[in-house]
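> Residue numbers (this note's numbering), protein chains in the order written: chain Z, 942 to 1040; chain S, 955 to 1583.
Calculated directly from the structure, the hints in this document are not laboratory data.
Small disclaimer: the values here were computed from a predicted structure and weren't measured.
Here a beta-carbon is modelled for each residue, glycine too, at the ideal position from N, C-alpha and C.
Treat the hints loosely; a few may be bogus.
Distance windows between CB atoms, simulated [to be verified]: (1) S:T1554 - Z:V987: 28 to 34 Å; (2) Z:V1021 - S:T1554: 27 to 33 Å; (3) Z:V1014 - S:A1571: 52 to 58 Å.
One-sided and incomplete, this derived list gives chain Z residues near chain S with beta-carbon spacing under 7 Å [unchecked claim]: (4) I957; (5) A959; (6) V962; (7) D1034; (8) S1036.
Looking from chain S toward chain Z, a few residues come up when the C-beta cut is under 8 Å (computed) [unchecked claim]: (9) N959; (10) R1073; (11) V1560; (12) A1565; (13) L1568; (14) G1570.
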Amino acid sequence: MNAANYLYVSALLFTIGAVGVVVRRNAIVVFMCVELMLNAANLAFVTFARINGTIDGQIMAFFTMVVAACEVVVGLAIIVTIYRSRRSASVDDASLLKR
Amino acid sequence: MQINNGLVYLIALPLAGAAILLLAGRRSDKWGHIFATLMSASSFAVGLLQLSQMLARPAEERAVEQKLFEWISVGSFQVDAGLLLDQLSICFVLLITGVGTLIHIYSVAYMSHDKDRRRFFAYLNLFIAAMLLLVLGNSFLNLYVGWEGVGLASYLLIGFWNQKPAYATASKKAFIMNRVGDMGLSFAIMIAFATLGTVSFAGIKEAAPEASTASLTAIGIMLLVAATGKSAQFPLQAWLGDAMAGPTPVSALIHAATMVTAGVYLITRSNFIFDAAPTAQLLVVIVGAITLLFGAIIGTAKDDIKKALAASTMSQIGYMILGAGLGPVGYAFAIMHLITHGFFKAGMFLGAGSVMHGMDDEVNMRKYGNLRKFMPITFVTFGLGYLAILGVPPFAGFYSKDMIIETAFNAGGIKGILLGSAALLGAGITAFYMTRVMILTFTGAPRWDEKALPHESPILMWLPMAILAIGSVTSGFLLSRGDALVHWLEPLFAEHGEHEELLKPIVVTSLALLMVAIGVAIAFLKYSRSEVSRTAPEDVSLLTKIVRRDLLQDDFNEAIFMRPGQALTSTLVKTDEMVIDGAVRGIGSAALSSAGALRTSQTGFVRSYAALILIGAVALIAAIWVVTQ
């Protein structure tokens, strides 16, 4: 199977994620879209490792997973806290910075 | 020249008086006025002593000198603080200390109700000392110190009642206009030093014949500027009327008898410069002729008795300047008129003060009337001064003014005719406005305010007036008998040949008396036959309105100097604010406003940030792709 196909899937996933981040309001969904983008990147890393025959890409994928795990912990904690104080998980409602 | 170490006492005595009274403060309130009067009187006594010594010496050896200390010593430039007493200075010394002492005595009574009387006497003594330094200095630089000193004393005394803002403004006006003249004197000194290398009278007199006419003319013109400032001559005359804000004894001493005549002294003292600079001399007579008419015309429209007398002073000093500008033949007559004027004008000012004293400080002559019944002594002394200023024989003004008119006619050519006619016309106008003052004040029906309780002033006030009145009667005759003053001053001035006479003296005298008679007659017709209104009539001709506004002298100064000056300074202030401060503030506010504009792009919407990041990343990748292709 042509390795380039994996890259197409990766690009598709990334695009879905990016669009989701930009258009969705729910923080949880935005968060999931971010994860989708990270995993798209992981897929691209792994695919390139396979094409080049090196393991650099695979190592980078592990790094990404670790960072993503940390990010999920911190991000979910923030989302929960915002939800508790504002009774809303909408990212548009949390726009107090401009004032 | 002989050395006489007694000269310094002339100045030191009144100076010590001023210093002691000012330093002792309120402790000297009780005896300050007596002390100051004694200091002035003792200076007068020293002056008399010097005169008697001077008379004992032959004419060539009469001048004496005293070196006080080495003042400036820079390379070849040496100036000593030195005093010079010669035939000219002694006239001034006796006039200043004599009239000054009389006015001290007068002020004891006049200022008796003023809580600041001691300070007033301290300033009077300061003035006497400065004026004596002015006439005794042996170089222009020493004279300059006295010149500034009298300016300071004049400023302090005009503004003596500076709790009234108008009076404080008047003192500032006098000071600032005097500064303009003082600049002239300092320029004259600088030019003299630059071109002749010396500033002493003796040194300049020696160097003058070899000096170029151009530099002498420049010095002469600058000295004339100085004289116009101090002597209230055209075009720097506008301060004198306002200077009447000072207490009346001050007006009598400083702004009639002595300080304002300093310009005449300056020109007479610098005779060797003016004799060698005909252009400057011509300007002097022009200034004199203009001012004598200018002052006289202003005098006709003044209702304030002191301002009428001030205008008259301006006009009479115009006569002196005219006389001094006529060269060696005129110096002595200028000085003679100066001395007689010192008597009669000081006497009349004291008379005006006496009237004000009795009329609750009212100065408007339209609210006087019939005062001769209530103030007989003031009436007689003022009347004698009046006859003297008119030039009625045998009173003092007749001798001195007549000689100036005569000399003016003899100046030669069209110049002589113009100057002589101006002086004659001035005599007529003088007669008119002085008669007006007499009629409005002393005759007619009473037009007083209710508060006025006219009464004769105490002896301390009328005694000086009486003495000055005696001077107004006799001084002219005594000074001109056998040409006494002319011969006395002769050694100081250049020789002058016989001038051909345009008109015979008797013709000039008759013409002058005719003009006086016409002036008096017009005044009688206008003011004596009908009732004088208590307020100045409003429906008057434009000319009268202009004269009432002092011939627009203030309007002129305001239009030509004050407003452009204000415009210049406000432009500079605005430039400073707009350009210099503006640049600094502009940088700050530009940073602020651009930051503010950028701040609005921060919406707080996470999704738009994400979109921006996405667009940025895509743009970056696109750019890299384009570059690497």
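> Which hint numbers doesn't this structure obey?
When the structure is compared with the hints, numbers 1, 3, 4, 7, 9, 10, 14 turn out to be violated.
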